[in-house]
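Work out the full structure: start from the sequences and follow the hints.
Residue numbers (this note's numbering), protein chains in the order written: chain A, 47 to 208; chain B, 47 to 208.
Please keep in mind that the hints were generated in silico from the structure rather than gathered at the bench. Ideal placement from N, C-alpha and C gives every residue a C-beta, glycine not left out. Hints may contain errors.
[Said to hold, decoys possible] Listed below are several chain B residues computed to face chain A (Cβ distance under 8 Å; list not exhaustive):
1) Leu50
2) Arg87
3) Cys114
4) Gly155
5) Asn156
There are 2 protein chains.
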Amino acid sequence: MSRLDSFIRRVSAQRDCLNMLAGMIGGADGPVLELGLGNGRTFDHLRSLFPGREIFVFERKVAAHPACIPDDDFLILGDIFETLPKARQRIGRPAALVHTDIGTGDEEGNARIAAFLGRHLPDLVAPGGIIASDQDLGLDGWEALPLPEGVPAKRYHLYRKR
Amino acid sequence: MSRLDSFIRRVSAQRDCLNMLAGMIGGADGPVLELGLGNGRTFDHLRSLFPGREIFVFERKVAAHPACIPDDDFLILGDIFETLPKARQRIGRPAALVHTDIGTGDEEGNARIAAFLGRHLPDLVAPGGIIASDQDLGLDGWEALPLPEGVPAKRYHLYRKR
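Structure representation (structure tokens):
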């Protein structure tokens, strides 16, 4: 499979997961958290799916399309290893949905990020809230949700807080 | 439609067009030309589709994944407004397929690029060869090929040299 094929599958899986989850978090109050703004496409998709919710975005350095940059109040700038542990206070209440797709090509770095997220994300999520992650966060005690049809196993990991 | 939806459609259209064209240029001899390397995903797709053909890539400044960078002999570095008019000599023979997806968000810039490509690309293509372009190149006298099923009109433009 070419990198173009693989990329299309990855981005489509992201969209399909988010679209599915939009119908599943109705019962959970709270904002949406997006880890990594990137070019802003996913943020734009999230705000189309969740027009009534606050969306906080974590980003080290903004390089997105100008139309896809959150207002300052919802942009948490800095290294996620520093900003995430303090985010609960900044955001003020637990989230209904967290989406993270900040894996890189570097396996060791990914393992370090996944372990860090597995430690710090749970405190940021409301009961009934969901984490959607490109990496396995090993969240014991959370409900593992099935992926949408057509999304291959392990491409995304969906966890609901009990 | 969110930018994520729109992006997925655009990249999928590119893949679907290239896959279709791979079955249509068998009768034309010559290399494949790719305008813009970017992250190298499309180049990677082209080399998977055309393992037996030389693939020349035009790029101003290489910033692709290390595994998706052409050998120096097939990388035509520089501003395309300078390199393209001299490319026939460098490449040595007309191409079977040219793919160009270098449009930007800037309409005026796109019109300037499209007019430039419409003047210079025809000389680089063999009879029976095809140009696939994200922009309308206004190639009078060329056969306009139908798009693959599911690709919306004007998302790509496919021209075959008579």
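Against the structure, the hints come out as follows:
1. Leu50: It holds, given that the least Cβ distance between Leu50 of chain B and chain A is near 4 Å, below 8 Å.
2. Arg87: Where the cut-off is 8 Å and the nearest Cβ of chain A is about 4 Å from Arg87 of chain B, the hint holds.
3. Cys114: holds, 6 Å
4. Gly155: Nearest chain A Cβ about 16 Å off; hint violated.
5. Asn156: With a closest approach of 16 Å, the Asn156 of chain B hint is violated.
In this structure, the hints that do not hold are numbers 4, 5, in rising order.
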